Amino acid sequence: MILRKATWSEAQASLRRAHKDKRARRHLFALAVMILAPALCFIYLLWLIGSGAFIFLPFVIPVIWLIRRSHRKQDESALRIAPGPASVRRELTSEERSAIRTHFATQALIYAVFVDRAASEAFLKQNTVPEGREIISRRLHLDLLKKIGAWDKMSQTDRDAMIDADGNWEWPRINQSSFAIEPLRLLRWILRVDFYLPLIGQQLRIDHTVANELVHDPDKVLKGDALASPAMLETGRDSARHYLLRCTAELISRGLEEAKTEEIKEWASRASATLSGNQNEDLLLDGTLVSEASEDQIRWARALAKTRADFLQSAIAVLEGSAPLTPQLSPAE
22 MILRKATWSE
32 AQASLRRAHK
42 DKRARRHLFA
52 LAVMILAPAL
62 CFIYLLWLIG
72 SGAFIFLPFV
82 IPVIWLIRRS
92 HRKQDESALR
102 IAPGPASVRR
112 ELTSEERSAI
122 RTHFATQALI
132 YAVFVDRAAS
142 EAFLKQNTVP
152 EGREIISRRL
162 HLDLLKKIGA
172 WDKMSQTDRD
182 AMIDADGNWE
192 WPRINQSSFA
202 IEPLRLLRWI
212 LRVDFYLPLI
222 GQQLRIDHTV
232 ANELVHDPDK
242 VLKGDALASP
252 AMLETGRDSA
262 RHYLLRCTAE
272 LISRGLEEAK
282 TEEIKEWASR
292 ASATLSGNQN
302 EDLLLDGTLV
312 SEASEDQIRW
322 ARALAKTRAD
332 FLQSAIAVLE
342 GSAPLTPQLS
352 PAE
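Numbers 22 to 354, taken from the working numbering, label the letters of the sequence shown in order.
Watch out, some of these pointers could steer you wrong.
Said to hold, decoys possible - List time: in silico BS3-like cross-link candidates among lysine-lysine, alpha-carbon distance up to 27 Å:
no. : residue 1 : residue 2
1   : Lys26     : Lys43
2   : Lys41     : Lys26
3   : Lys174    : Lys241
Since the hints were made in silico from the structure, they are not lab data. From a predicted model like this one, the values you see are computed outputs, not experimental measurements.
Build the full structure now, drawing on both the sequences and the hints.
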């Protein structure tokens, strides 16, 4: 967390809001504790060495381990006295886990290729390539898609787009492919390439480096066996749904969207009125309250929130074995 660049930009945003938002103050306090923890541990280690107490560590550690083990057994015994309902989730076998991880890794690389190509095309639309320089994005992307076995499964439309010469994409295709950034970020998190998933309101900007990194180093997702748990995905899904509902309520209350029923209209008005201007409770979009954000910000956040909620729900189904391993081959499908 300390080495994440985003950690410090988030801290900066919290610092600007600390005088009026208790959530920002809690965030800054947690960050301070996180920074101080390794420093205090290091100071304590120096004290142990300086005082000579470290010579007792080989004896103390086994004792602590035995005590903790004894307490754990007692806790397990207590739980067996009044057992709760059996978990509805079964453990994945090693074969199932490997197949699911390969499925997610392949999907991540496909999304990474489209997002990276979109970034390259957007650059070429707005800039002139210096004489003597060559753009190699297309060649790199084609080689990667063939290497992971995705090329022959793609639609002809998508294959034509990838074969198309660098600089030939039009803005609709660029924008459509760029939107794959959200499922790509989620897949990186599910595969534990990124161990932390920021809130929707903290990820409104497109960062193409997350795609470029995987295109140049696909082993980041192809190797390893780590996977996020269904419970972690449910937390992310529920958070995204919270943003989806809040943004929808705000659009309806402003008259920017028509409510399907009178009950929904009343709900949206109540929700918006309750949270409007509430610095401690209303959701944030890049440091701005939803109630104070622009229409474009709210619509973009809602689109990301819906994509995140739907994608995580489908990923949960895959992890629970209730959905087939059929990866989405492009943002267009």
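Outcome of the hint check:
Of the pairs offered as hints, the one joining lysine 26 and lysine 43 holds, with about 23 Å between alpha carbons and a cut-off of 27 Å not exceeded. With a CA separation close to 25 Å, the supplied pair lysine 41 and lysine 26 stays within the 27 Å bound. Only pairs whose Cα atoms come within 27 Å are accepted, and lysine 174 paired with lysine 241 is accepted, the gap being roughly 23 Å.
Every hint, counting from the list given before, is met by this structure.
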